[in-house]
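Residue numbers (this note's numbering), protein chains in the order written: chain A, 1 to 489; chain B, 490 to 994; chain C, 995 to 1103.
Treat the hints with care, since some could be wrong.
[To be verified] Below 20 Å or equal to it, Euclidean Cα-Cα: the simulated DMTMM-like pairs (lysine to aspartate or glutamate) are:
| # | chain 1 | residue 1 | chain 2 | residue 2 |
| --- | --- | --- | --- | --- |
| 1 | B | Lys-847 | C | Asp-1091 |
| 2 | B | Lys-905 | B | Glu-761 |
| 3 | A | Lys-90 | A | Asp-207 |
| 4 | A | Lys-144 | C | Asp-997 |
| 5 | A | Lys-144 | C | Glu-1016 |
| 6 | A | Lys-401 | A | Asp-361 |
| 7 | B | Lys-847 | C | Glu-1011 |
| 8 | B | Lys-905 | C | Asp-997 |
| 9 | A | Lys-313 | A | Glu-476 |
| 10 | A | Lys-352 | A | Glu-339 |
| 11 | A | Lys-454 | A | Glu-434 |
| 12 | A | Lys-467 | A | Glu-374 |
| 13 | B | Lys-847 | C | Glu-1018 |
| 14 | A | Lys-352 | A | Asp-391 |
| 15 | B | Lys-847 | C | Glu-1090 |
| 16 | A | Lys-90 | B | Asp-863 |
| 17 | B | Lys-847 | C | Glu-1029 |
| 18 | A | Lys-313 | A | Glu-374 |
| 19 | A | Lys-144 | B | Asp-829 |
| 20 | A | Lys-144 | A | Asp-207 |
| 21 | A | Lys-90 | A | Asp-280 |
| 22 | B | Lys-905 | B | Asp-637 |
| 23 | B | Lys-847 | C | Asp-998 |
| 24 | B | Lys-847 | C | Asp-1015 |
Simulated from the structure, these hints should not be mistaken for lab results.
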Amino acid sequence: MGLAPRRGKPRVTHETVIGLEVHVQLETASKMFCGCAVEFGAAPNSRTCPVCLGLPGSLPVLNRRAVELGLRTAVVLECRIHPQSEFHRKNYYYPDLPKNYQISQYQYAGHPPLATAGRLDLDAGEASRTIGIRRVHLEEDTGKLLHAEGRSLVDYNRSGTPLMEVVTEPDMRSPEEARLFLAQLRAVLQYAGVTTGRMEEGTLRCDANLSLRAPGGPHGTRTEVKNMNSLRSVERALRFEEARQREQLARGEPVVQETRHWDEQRGVTFSSREKEEAQDYRYFPEPDLVPLVVDDAWVAQVRTGLPELPEAKRRRYAEVFALPEHEARLLTATRPMAEFFEAAVREFNQPKIVANWLVGDVAAYLNGAGQEIEEAHLTPTALAGLLQLLDRGTLSGRLAKEVLEEMLSTGRTAGEIVKDRGLVQISDEAALAEMVDGVIAEHPGPVGDVRAGKDKAVAFLVGQVMKRSRGRANPEVVNRLLRARLGAR
Amino acid sequence: MASRSLADCTAWELRDLYARGEASPSEAVRAVLDRIDAVDPALHAYLYVDREAALLDAARWDGRAGRDDAPPLAGIPVALKDNICTRGWPTTAGSRMLEGFRPPYDATVTVRLREAGAVLLGKTNCDEFAMGSSTENSGFGPTHNPWDLARVPGGSSGGSAAAVAAGAATLALGSDTGGSIRQPGAHCGVVALKTTYGRVSRYGLIAFASSLDQIGPFARDVRDAALLLGVIAGHDPADSTSAPRPVPAYAGGLTGEVRGLRIGLVREFFGEGIAPGVADAVRAAAGVLAGLGATCDEVSLPHAAYAMPAYYIIAPAEASSNLARYAGVQYGHRTEHAEDLYTLYARTRREGFGAEVKRRIMLGTFALSSGYYDAYYLRAQRVRTLIRREFAAALERFDLLLGPVAPTTAFRIGEKAEDPLQMYLSDVYTIPVNLAGVPGISVPCGFAGGLPVGLQLIGRAFDEAAVFNAAFAYEQATPHHTARPPLAASPPSSWDSPRAGGSRA
Amino acid sequence: MIDDRTVAHVARLSRLELSDDERERFRAQLGSILEHFQSLLALDLAGEAPPGDLSPLAGNGRLDAHASEITNVLREDTVQPCLPLEDVLANAPASEDGCFVVPPVIEGE
Chain A
1 MGLAPRRGKP
11 RVTHETVIGL
21 EVHVQLETAS
31 KMFCGCAVEF
41 GAAPNSRTCP
51 VCLGLPGSLP
61 VLNRRAVELG
71 LRTAVVLECR
81 IHPQSEFHRK
91 NYYYPDLPKN
101 YQISQYQYAG
111 HPPLATAGRL
121 DLDAGEASRT
131 IGIRRVHLEE
141 DTGKLLHAEG
151 RSLVDYNRSG
161 TPLMEVVTEP
171 DMRSPEEARL
181 FLAQLRAVLQ
191 YAGVTTGRME
201 EGTLRCDANL
211 SLRAPGGPHG
221 TRTEVKNMNS
231 LRSVERALRF
241 EEARQREQLA
251 RGEPVVQETR
261 HWDEQRGVTF
271 SSREKEEAQD
281 YRYFPEPDLV
291 PLVVDDAWVA
301 QVRTGLPELP
311 EAKRRRYAEV
321 FALPEHEARL
331 LTATRPMAEF
341 FEAAVREFNQ
351 PKIVANWLVG
361 DVAAYLNGAG
371 QEIEEAHLTP
381 TALAGLLQLL
391 DRGTLSGRLA
401 KEVLEEMLST
411 GRTAGEIVKD
421 RGLVQISDEA
431 ALAEMVDGVI
441 AEHPGPVGDV
451 RAGKDKAVAF
461 LVGQVMKRSR
471 GRANPEVVNR
481 LLRARLGAR
Chain B
490 MASRSLADCT
500 AWELRDLYAR
510 GEASPSEAVR
520 AVLDRIDAVD
530 PALHAYLYVD
540 REAALLDAAR
550 WDGRAGRDDA
560 PPLAGIPVAL
570 KDNICTRGWP
580 TTAGSRMLEG
590 FRPPYDATVT
600 VRLREAGAVL
610 LGKTNCDEFA
620 MGSSTENSGF
630 GPTHNPWDLA
640 RVPGGSSGGS
650 AAAVAAGAAT
660 LALGSDTGGS
670 IRQPGAHCGV
680 VALKTTYGRV
690 SRYGLIAFAS
700 SLDQIGPFAR
710 DVRDAALLLG
720 VIAGHDPADS
730 TSAPRPVPAY
740 AGGLTGEVRG
750 LRIGLVREFF
760 GEGIAPGVAD
770 AVRAAAGVLA
780 GLGATCDEVS
790 LPHAAYAMPA
800 YYIIAPAEAS
810 SNLARYAGVQ
820 YGHRTEHAED
830 LYTLYARTRR
840 EGFGAEVKRR
850 IMLGTFALSS
860 GYYDAYYLRA
870 QRVRTLIRRE
880 FAAALERFDL
890 LLGPVAPTTA
900 FRIGEKAEDP
910 LQMYLSDVYT
920 IPVNLAGVPG
930 ISVPCGFAGG
940 LPVGLQLIGR
950 AFDEAAVFNA
960 AFAYEQATPH
970 HTARPPLAAS
980 PPSSWDSPRA
990 GGSRA
Chain C
995 MIDDRTVAHV
1005 ARLSRLELSD
1015 DERERFRAQL
1025 GSILEHFQSL
1035 LALDLAGEAP
1045 PGDLSPLAGN
1055 GRLDAHASEI
1065 TNVLREDTVQ
1075 PCLPLEDVLA
1085 NAPASEDGCF
1095 VVPPVIEGE
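Let the hints inform the model, and build the full structure from the sequences given.
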C-alpha cells in the first residue's frame, strides 16, 4: 500500500515499514521485585524500600502476579510460551536507575524470554491484517527524573514497577496502522486485566522504529522515534517521520540511523543528542534470581482464568442483546466502555436503548471533549436513571439529550437536573389542552390547512405547542389533542 | 578452674556459666569489651564498636540468659563483618565509598542474631567490598594477625577472624566468596565455615559476587560454629537464592564418630606452591582422622587448576555490576567537583574506591563487554559447570574431601601488596569450593613456623552436618583449638566471680 | 595483552576516572592477569559433555550460570510497608523536596 509519488517528480514508491516496542505497566498491587505499592502520584520517594532503591545488600524477589499477567498476555497474543526463561541485568548508568542496572529479560540463542512468536489480528473492517509479535518479556521500570534549574531531581516511586515489553515484528505499513495496532493491543490487554493502558498516566508507552524501503528491496535504515504520549501522537509523529525520511531520500540523502524525539508542540521529530558510542549493556543472567519454569498446567490455568475478551463479548452482544455488529464493535472497543454498557444494562434492562445512547450522544460528547468513558462524569447508574425518566415519560426525548449533555459535563444526575430546571414533561391533558387551544387560536392558517387535509401542518402546530411549553409537552398527547380538536384523524 | 577471662570462653562455656549462675551476660560482654579496648589498638579488628548498646543488650539478658527457655545465643557477644547491614550502625564494607553510611534496615542474619538473643558488639574490618585475601585492601587500614602483629590476618574477613582469635568477640560472622572466611580462619587459628551456596540468606550482605557470596561463622571451636550456624541458616523469602531446605540441629549432631568415613585427599591441593610446613600439618591431620577410623585416599580434581581463572572472571564480572550503584547519587561518597553527570559518577568512583576494587571492576566489565563475553564470561561459566560436576562426582566416592586452606601461613603485611596475581594465588584451594557451591570448613590443625595452619574439609551440598562432625572429631583428638595467641593472654583475674566458689590457681 | 584504548573504553563503561599513570598501571596489571587466563581460554571444552547432556558444553548454549537448582521463587502480590521518607533520604549526599539531587541531565541522553 504505497503512497502516490510526489507531485511533478517521478519517484520510486517506497513502502513504510514500522515496528513498535510497547512498554506496558502491569496491573499489580505491588512492584516487580518488592512489596512497595504501585501508586500514581504519591509524594516523591514515599513508595520505596531497600529493594527498589537498590540499597547495598538488597535482593529482588519476583512478583507472581506480574508473571501471570505476562503469561495472560502471551496467551491472548497467541505466543509461544517458553518452558524456561531467565532474567538478565542490563547494565548502564543513569540517575533514574538505582542500581545502575535494570533487571530485564534478554534474548539470545538458547535463552528465550517469557514468550515469542505471537500475533494480533487487526480489525480494519474488511481488510484484516496480522501483525507479528516478536517477543514478550518482563522487566522493572525506572524511577522518574524531574528537571529543574541547574540540577535534576530523582524520584524512585516508580522504580521497580512491573513492566512488560511487547515488541512487534516490523509489520505495520502506515502510521494509521500503527495507531490501530496500539489501540487494539491496548484494548485486548485491558480486557485481559493486564493493564489499565493509559498513555497519559504512562501505563502504556510506545517507541517506534520506522524505515522506508523500495518494494522488493532490502530494509532501509530505520530511526527510532520516542516520546509519543498518546495514540494520536503516535500517528502524527510517524506521519511526520515517514514524510521526513521520504524527503531525505528524495534529495538523495541517506537516512541516518538515530533516535529521534517527538515534539508534540512543534509537531516535529528532532534528533536527540547522539551518543559517543553505542551502548554496551553487558547483559548477563541475573544471579540474584532463579530461572522461571512455566509448565503446561500453569498455562492452562492462565487460559481458563482469562476474563471475556473483546471478540467473545462482541459475539455475545450480537447474540444475546441482538445488537447490530457495528454497535457491538463500538461498545467493545475498550473494556471500560463495555463495562459501562453492561453496568447500565443491569440497571435499565433495555440493551438496545442503552446501546443507542452510548454509541450516539455519549460517544459524540466524549469525542468532542477528548475524554475516555472512564474519565467521564457520567456513571452507568446515572445513565440508567436518565433512561428510566425517558421511559416513564417524565422527560421528552429531545430534552433528554440536553439533560444528558449537562450530566456529562457536570456529573449531576438526571433527576437533579430535571427538578432544578423544571423540565418534567407535561402529560396532564388539562394543562396541555389549554396550550393546544392557545396555539390553535394563534395560528388560523395552519389550522385551516389541517382541516383541509394537509397533515404536515399538524406537525407545525405540535411544534408550536412544544415551543410554548418550552419543550416539556408530551408530543404524543399534544398530537392526539390537536387532531381531536381539529377533527383530523 | 584456671583463671581465665570470660572473653576467652567459648559460647557453649558461657551458656553453661549463665545457666549455673556463675557469670552474667553483662560480665561477659564487659570482659569482651575490655579485651577490645586492650588489644584492638594494635589489632585493628574493629571499625565500629557500640559499647553502650552492647552493655544495654547484655543487661537485658542478665538473669534470663541461663534459663531453659532462653534463645540459643542469649547474652553471647557477637561481631559482624562490616559488609553485613546493621540498622542504624555504620556499614562500610571496608570502603571509603560507604564511609558514614548507616543502613535503614538489618540484614536477615542480623535479625536472626538479635532474635537469638545475641549481644552485637560492633562491625569488623575487611578488605574493601570483600575483595582481597589479607584485609590490606580495607579503606581504613589493615587488621593485624593476633599471632604476629606484623602479619596479615588473611582476608577478606580478617577483622572477624582476628577478633575471635584474640577474644575480642566470642563469635563472629564473615563472608566467603573465594575463601574469605576459611583463609583468615586458617591464618588466625580459628574455626571458620563457608556453607553450601544458599544455606544462609544473603539479604543485607553487601554484594560482591552474587552467585558465590555466603555468610558464615567464625568460632573458637566446632561446637560454637555449629551453634552459630544453626541460628543464621535457613530459608529466607527475601533471598531468592536461599535454599528452602530444613536446617538440621547442627550442634546436636556432633557425635565425633568418623569410623568408616571415606575421605579423599585432593591431589591437586598438595602440588607445587604449598609450603612444606603447611603440607606436613595437613597430612598429619589426615593421619589423625585415619587413626580415628576414617579411610583416606587420594582423589584427583583435574579441573581444579582452572578454578582460579574462572573465578577471576566470574566474580569480578558480577562485582562490576553489583558495584555500579556506588556512584554518589543516593548514599555514600559523592565527589565535590561534579558539573555533569558523567563526572559525578567517574570522579566519585575514582575517589571512593581503592585500587583492587577498581582493578576488579575493570576486569569484570571487560569480561562482560561486547566481543569478549563469549570468550571470557561464558567460557568461565562453562568451566564452572565442569568443576561443579567434578566435585559432585568426587563426593559420591567420598564423604568428604580434604586439603589445606591456604598454600602458606600468614604472610607479612605489605609482602604481596604490589602483585595482585600473587595475592590471588593464596585462594587457590578455597576458590574451587566456592565455584562448586559446596561447604568447606577451616579447622586449626597445628602450626608451621609458629603460625597457625588450617585444615580444610569439604562436604556435599547441604551436608554441613558431616563437615562439622568430622571437624569435631579431629578437633577433639588434638589440642590445637585450645591454643590462643599471646595477645589474648588473660589479664590477671578480670573475672573473679564469688559465685563460682573456690580459688583459682 | 590489552591495549590502552581498550582500557580507556572499559574505564569509561565502568565510570572510573583514571589518570594516565593509573591507566598504564592497570593496563599492565590487567594484561598479566588476563595472560594467566590463557590456559582457561585454551581449554578444549568440546569433548567434555557426556552424551545427552543439556549442559553448555553440548554446544546448545544453555548457560549454567546459576549456582543452585532452585526455580520459580515467587512472591504473592501483596503490599508491604515502605521506608519512611526520612530513612530514604538519611544517607543522601544531596536532596531537595523529597528527591535526590544530581547534576542536570539532558533529556534523551
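Hint check: Lys-847/B vs Glu-1090/C, CA-CA at most 20 Å. Holds or violated? Roughly 31 Å between the alpha carbons, so the hint for Lys-847/B and Glu-1090/C is violated.
Does Asp-997/C sit within 20 Å of Lys-905/B, going by the straight-line distance between their CA atoms? Outside the cut-off at roughly 25 Å; violated.
Within 20 Å, alpha carbon to alpha carbon, are Lys-313/A and Glu-374/A? holds, 19 Å
Run the distance test for Lys-352/A versus Glu-339/A: straight-line Cα separation, threshold 20 Å. holds, 15 Å
Given the hinted pair Lys-847/B and Glu-1029/C, is their alpha-carbon gap at most 20 Å? Satisfied, since the Cα-Cα distance of roughly 19 Å is no more than 20 Å.
Taken at face value, is the distance from the CA of Asp-207/A to the CA of Lys-90/A at most 20 Å? Roughly 18 Å between the alpha carbons, so the hint for Lys-90/A and Asp-207/A holds.
Hinted pair Lys-90/A and Asp-863/B, Cα distance within 20 Å: Roughly 17 Å separates the two Cα atoms, so the pair holds.
So if I understand the rule, the pair passes when the alpha-carbon distance is 20 Å or less; does Lys-905/B with Glu-761/B pass? At roughly 19 Å apart (the allowed maximum being 20 Å), Glu-761/B and Lys-905/B satisfy the hint.
Lys-847/B and Asp-998/C: Cα distance at most 20 Å? Holds: Lys-847/B and Asp-998/C sit about 16 Å apart, inside 20 Å.
Lys-847/B paired with Asp-1015/C [C-alpha distance capped at 20 Å]: The given pair, whose Cα atoms are some 14 Å apart, holds under the 20 Å limit.
Regarding the pair Lys-401/A and Asp-361/A, is the alpha-carbon distance no greater than 20 Å? Since the Cα atoms of Lys-401/A and Asp-361/A sit roughly 7 Å apart, the hinted pair holds (cutoff 20 Å).
What's the verdict on Lys-847/B and Asp-1091/C, does the C-alpha distance respect the 20 Å limit or exceed it? Distance of about 34 Å is beyond 20 Å: violated.
Of the numbered hints stated above, those contradicted by the structure are hints 1, 4, 5, 8, 9, 11, 12 and 15, listed in ascending order.
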